[in-house]
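K.L.:
Sequence:
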Amino acid sequence: MKWGGRIVAQDENALRFEASARTPVFQFVDDVVVTVTTEGSASRVDIRSVSRIGRSDRGANAARIREFIETFDQ
Numbered sequence: 001m002k003w004g005g006r007i008v009a010q011d012e013n014a015l016r017f018e019a020s021a022r023t024p025v026f027q028f029v030d031d032v033v034v035t036v037t038t039e040g041s042a043s044r045v046d047i048r049s050v051s052r053i054g055r056s057d058r059g060a061n062a063a064r065i066r067e068f069i070e071t072f073d074q
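Each step along the sequence shown adds one to the number in the numbering used here, with nothing skipped, and position 53 is 53.
Rather than coming from a laboratory, the hints here were simulated on the basis of the structure.
A hint or two may mislead.
[Stated by the list, open to error] Restraint-style ranges between C-beta atoms, simulated for each label pair:
1) Ile65 x Gln10: 15 to 21 Å
2) Arg6 x Glu70: 16 to 22 Å
3) Ile65 x Thr38: 16 to 22 Å
4) Gln10 x Ile69: 18 to 24 Å
5) Val36 x Arg58: 26 to 32 Å
6) Arg6 x Gly40: 29 to 35 Å
7) Ala62 x Ile7: 16 to 22 Å
This structure is a prediction, so every number in the text was calculated from the model and none was measured.
In this text, a Cβ means the ideal position worked out from N, Cα and C, and glycines have one as well.
With the hints as extra help, turn the sequences into a complete structure.
P.N.:
In C-alpha cells, the structure reads:
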C-alpha cells in the first residue's frame, strides 16, 4: 500500500486494525483505524484517519482514506 501506514495494533477476532501514518512533507503522525463489520452476506468497512497535531491536515486524511478505498477496487 502506498499510504505508508504502519500497523500498531490489530484484533483479528474483531476484524479491526490501527495504524500510524506520516504526512509526506512535515512527517506529522496521523492515526488510522479500520474496522470490518459483517452485515448479512455483505461487509461494511469503516475507516477513520485523524491528525494528532494541528488544526488542518490540508486534505491528507481524506486522501489517505480515498487511496485505501481504491485498493478494494483493484
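K.L.:
Hint compliance check: list the failing hint numbers for this structure, sorted ascending.
P.N.:
none
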